[in-house]
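This is what each chain is made of:
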Amino acid sequence: MTAATGGFELVVNGEARSLDVEARTLLVHALRDELRLTGTHVGCDTSQCGACTVLVDGRAVKSCTMLAVQAEGTEVTTIEGLARDGELHPLQRAFVEHHGLQCGFCTPGMILTAHDLLSREPDPDEAAIRRALRGNFCRCTGYQTIVDSVRAAAA
Amino acid sequence: MIAAAFRHRRASSLDDALEALADPDAKALAGGQSLLPVLKLRVVRPSLIVDIGRLDLGGVRREGDEVRIGALTTWEELIRAPDLQQAPLAAITECAVEVGDLQVRNRGTLGGSLAHADPASDVPAVVLALGARLVVHSASGERTVDASEFFQGPFTTVLGQGELITEVVFSVAPGAGSAYVKVEHPASGFALAGAAALVRPDGEESVAVTGIGAHAFLLPADREPQEGLSDAEIYGDRFAPEEYRRHLAGVVVERALERARARVEDRR
Chain A
0 MTAATGGFEL VVNGEARSLD VEARTLLVHA LRDELRLTGT HVGCDTSQCG
50 ACTVLVDGRA VKSCTMLAVQ AEGTEVTTIE GLARDGELHP LQRAFVEHHG
100 LQCGFCTPGM ILTAHDLLSR EPDPDEAAIR RALRGNFCRC TGYQTIVDSV
150 RAAAA
Chain B
0 MIAAAFRHRR ASSLDDALEA LADPDAKALA GGQSLLPVLK LRVVRPSLIV
50 DIGRLDLGGV RREGDEVRIG ALTTWEELIR APDLQQAPLA AITECAVEVG
100 DLQVRNRGTL GGSLAHADPA SDVPAVVLAL GARLVVHSAS GERTVDASEF
150 FQGPFTTVLG QGELITEVVF SVAPGAGSAY VKVEHPASGF ALAGAAALVR
200 PDGEESVAVT GIGAHAFLLP ADREPQEGLS DAEIYGDRFA PEEYRRHLAG
250 VVVERALERA RARVEDRR
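Protein chains in written order, with numbering that gives the first Met the number 0: chain A, 0 to 154; chain B, 0 to 267.
These aren't lab readings, by the way, just hints derived from the structure by calculation.
Quantities reported herein were computed from a predicted structural model and do not represent experimental measurements.
There are no misleading hints in this set.
Computed footprint of chain A on chain B, listed as stretches where at least three residues anywhere in the stretch have a Cβ under 8 Å from a Cβ of chain A:
(1) 1–10
(2) 28–40
(3) 45–52
(4) 88–102
Label-pair ranges, simulated between beta-carbon atoms:
(5) G152/B x E86/A: 54 to 60 Å
(6) E74/A x E223/B: 53 to 59 Å
(7) G235/B x E86/A: 52 to 58 Å
(8) V157/B x A154/A: 51 to 57 Å
(9) A3/A x E62/B: 39 to 45 Å
(10) T45/A x A213/B: 20 to 26 Å
Take a look, some chain B residues computed to stay more than 10 Å from chain A by CB distance:
(11) P23
(12) E204
(13) E241
Backbone N, C-alpha and C fix where the C-beta goes; we use that ideal spot for every residue, glycine too.
Chain A extracted, bound-state conformation (with noise of 0.2 Å):
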């Protein structure tokens, strides 16, 4: 039995890029051990904590919860690949303003699922906010200042 896929296309962060990983692979190991973008965060590894989010075609996943294969064609983005040329994006600037983080673990998961949540609904109230941000957890910070900075990204 070859459990190997043979290798496989897609585009992380704008760039074409190559996988040759076992199909169990889970596209956060893809992400991190492969291609070594660490921003991308193991939490609970459980489908729980949200700290892995990435964007799969714009939409927000956990990436411990979906193969590496199953995002073969597709366009992935991580927390690495929202700042053009040298400049952060809104939301990652209102994090910073709006001490949307303290130890900074869960935060490339919260800004990816709110980028989600703003790509539909650009104009979120707090109830929408804390609906969108109910699978990412933060042990830091209480919340509120990610919903402050989530608010002040869409203003």
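With the hints as your guide, set chain B onto chain A.
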């Protein structure tokens, strides 16, 4: 956690998928939001994963007095489907917004959740109360299964080896109202008790519950819902003992009925 090794085959068509699924050691992978966690825990160890995720089995379409939902339709797609924004089917979107979180709803599918048949998942109550039919394909043909016959036990359905849910069909009862209400486990988000109700303009009511037993089930049509609950076989665990779950079930049943009835009246 790393799953045990398996081969991955991306199905190029429904027929291709059904042929691959004839292998007794194969598992179908849709959005993966139920299967990936159990693969990682090695609770299941298939040697072949048949990836059906790219098949054209998604979408919601209205056909006469029916709404047909493709098995690969995600929760987020259900929430936004124009054909589901109507009182008789309100329970479907009300349930979809309650599933997991945004990331899970972006990938998780209706068919995948039904096939997984977690006894605490939301949508089984909805397909039961609304009297949905599941279209099931296999290499040897096609059959239709009533939701009321589908669930057999925890994580157990009538799906046989090599069978795949392709579509879920809902009849739209004119003038009716439906609703889904749950009390969730605060950590997992799964239902401690969930209830779906369908109320027709003539007063006929259909109620199903989830999260409280071996699988979601319809309450008997010829008895008051609370009576039906009083002698149902209900699970207890360290999160919610049997009596507490029975109480919660009574509460969500009443709330679902109330909301569904209000939706009937809304149309008058």
